[in-house]
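Colleague: Letter by letter, the chains look like this.
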Amino acid sequence: MTGWTAVLVACALCFALKLAGYLVPEGFLAGERVRRIAALITVALLSALVVVQALGEDGSLTVDARVPALGVAAVALWLRAPFIVVVVLAALTAAGLRAAT
Amino acid sequence: MSGGVRQEQSSRGPTLRQSLSVAAAVGAYAISFGALSVAAGLTVAQTCALSLLMFTGGSQFAFVGVVGAGGTPVAAAATAALLGARNGLYGLQMAPVLGATGLRRLAAAHVTIDESTAVATAQPTARLRRLGFWVTGTAVFVLWNLMTLTGAVVGDALGDPRRYGLDAAAAAAFLGLVWPRLREGSARAVAAGAVVVAAALTPIAPAGLPVLAAAAVAVVVGWRTRS
Chain C
1 MTGWTAVLVA CALCFALKLA GYLVPEGFLA GERVRRIAAL ITVALLSALV
51 VVQALGEDGS LTVDARVPAL GVAAVALWLR APFIVVVVLA ALTAAGLRAA
101 T
Chain F
1 MSGGVRQEQS SRGPTLRQSL SVAAAVGAYA ISFGALSVAA GLTVAQTCAL
51 SLLMFTGGSQ FAFVGVVGAG GTPVAAAATA ALLGARNGLY GLQMAPVLGA
101 TGLRRLAAAH VTIDESTAVA TAQPTARLRR LGFWVTGTAV FVLWNLMTLT
151 GAVVGDALGD PRRYGLDAAA AAAFLGLVWP RLREGSARAV AAGAVVVAAA
201 LTPIAPAGLP VLAAAAVAVV VGWRTRS
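Protein chains in written order, with this note's numbering: chain C, 1 to 101; chain F, 1 to 227.
Hints are computed from structural coordinates only; laboratory data are not their basis. Check before you lean on any hint, since a few could be wrong.
Interface residues of chain C toward chain F, partial, derived using beta-carbon atoms under 7 Å [to be verified]:
no.: 1; residue: 54
no.: 2; residue: 79
no.: 3; residue: 91
Listed next, the stretches of chain F that the computed footprint assigns to chain C, with coverage defined by at least 3 CB atoms under 8 Å from CB atoms of chain C [what the hints assert, rightly or not]:
no.: 4; region: 18–24
no.: 5; region: 107–113
no.: 6; region: 124–138
no.: 7; region: 145–156
Distance ranges between label pairs, derived from CB positions [unchecked claim]:
no.: 8; chain 1: F; residue 1: 102; chain 2: C; residue 2: 60; range: 50 to 58 Å
no.: 9; chain 1: F; residue 1: 96; chain 2: C; residue 2: 62; range: 43 to 51 Å
no.: 10; chain 1: F; residue 1: 103; chain 2: C; residue 2: 67; range: 44 to 52 Å
no.: 11; chain 1: F; residue 1: 203; chain 2: C; residue 2: 5; range: 23 to 31 Å
no.: 12; chain 1: C; residue 1: 85; chain 2: F; residue 2: 11; range: 30 to 38 Å
Beta carbons: idealized from backbone N, C-alpha and C, even for Gly.
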């Protein structure tokens, strides 16, 4: 798959999943367990993405300016800062540390 | 009877305010998405296509995250689809409320996301649930796409993403997305398991796979947990 093919295939898959909810009969797949697993899959994927994005570097784990930046983001979230503030603080922390070293 | 109707009409205000404030907050996520997407190597046009056609934030962030980490396009698409699966469950919830058919149903499906479903289900009456769904969905769609374009153009002009800490910003964005979902103990257990699986597999598995493998933790915990 090239970049554009992947973009369009992924978009089609995501739309199909949304539409499926409107097309399947009510009650189907709507069990408590399915709901719980779907919610937990979201948590698992996002948590794994935090790790890969914060520590991954060409297929290995590296600790660099991203780690303190993520720590700053966690503190900001703890203090209930808005999303955009959290993201900007992380960027500024990493950029500042890299400029200083 | 007429008193009830008047009361319901007068209570449209809170629903509309809620819808628009959610949309405004989400617009800010879109700026970061636009900037992070071009930083991950997608073009401005591909970035805007994701917001127009995929239109589900978590999946979009995941797609560009996997691409940026060197994952294959197949892994990126698979991760985005898995994260988008919850929208199908929202659709199940919204279908009887909206009662939409034909083109309206396609439009409803497209704007079925965390925000529109959350605002809709929080409303006290069926009429306000429909209002909340459509106003939130439409307002988020418009702002999400405008702000994605803004973020992508700005990100494109910035150049080297690492110099501006955009790689760290992407990690913070994922943390911000998962944070409100960690209230329950089982969610925290899954998050911890996913972190361990992703970290353990990153040095040995091809890029993209560690994230997909983490989903298995959710299936195991979700299957065994009793509600």
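Colleague: Count residues of the region 124–138 of chain F with a Cβ under 8 Å from any Cβ of chain C, then say if the count reaches three.
Modeller: violated (count 0)
Colleague: CB of residue 203(F) to CB of residue 5(C), is that within 23 to 31 Å?
Modeller: 29 Å, holds
Colleague: Would you say the region 145–156 of chain F counts as covered by chain C, given the rule of at least 3 residues with C-beta under 8 Å?
Modeller: violated (count 0)
Colleague: Holds or violated: residue 79(C) as interface residue toward chain F, Cβ cutoff 7 Å?
Modeller: 12 Å, violated
Colleague: Report holds or violated for the interface hint on residue 91(C), using the least CB-CB distance to chain F and a cut-off of 7 Å.
Modeller: 4 Å, holds
Colleague: Could you check the hint for me, namely that residue 85(C) and residue 11(F) are 30 to 38 Å apart, CB to CB?
Modeller: 32 Å, holds
Colleague: For the region 107–113 of chain F, does the count of residues with a C-beta closer than 8 Å to a C-beta of chain C reach 3?
Modeller: Satisfied; 4 residues make the cut.
Colleague: Do residue 96(F) and residue 62(C) keep their Cβ atoms within the hinted range of 43 to 51 Å?
Modeller: Holds, since residue 96(F) and residue 62(C) (Cβ atoms, about 49 Å apart) stay within the stated range.
Colleague: So the hint says 50 to 58 Å: do the beta-carbon atoms of residue 102(F) and residue 60(C) match that?
Modeller: 52 Å, holds
Colleague: Can you confirm whether chain C covers the region 18–24 of chain F, using C-beta to C-beta distances below 8 Å and requiring at least three such residues?
Modeller: n = 0 at 8 Å, threshold three: violated.
Colleague: Is the hint on residue 54(C) kept, meaning its closest Cβ partner in chain F is under 7 Å away?
Modeller: Holds, because the Cβ-Cβ distance from residue 54(C) to chain F comes to roughly 4 Å (cut-off 7 Å).
Colleague: Is it true that residue 103(F) and residue 67(C) lie within 44 to 52 Å of each other by Cβ?
Modeller: Because 48 Å falls inside the window, the suggested range holds.
Violated hints for the displayed structure, listed by number in ascending order: 2, 4, 6 and 7.
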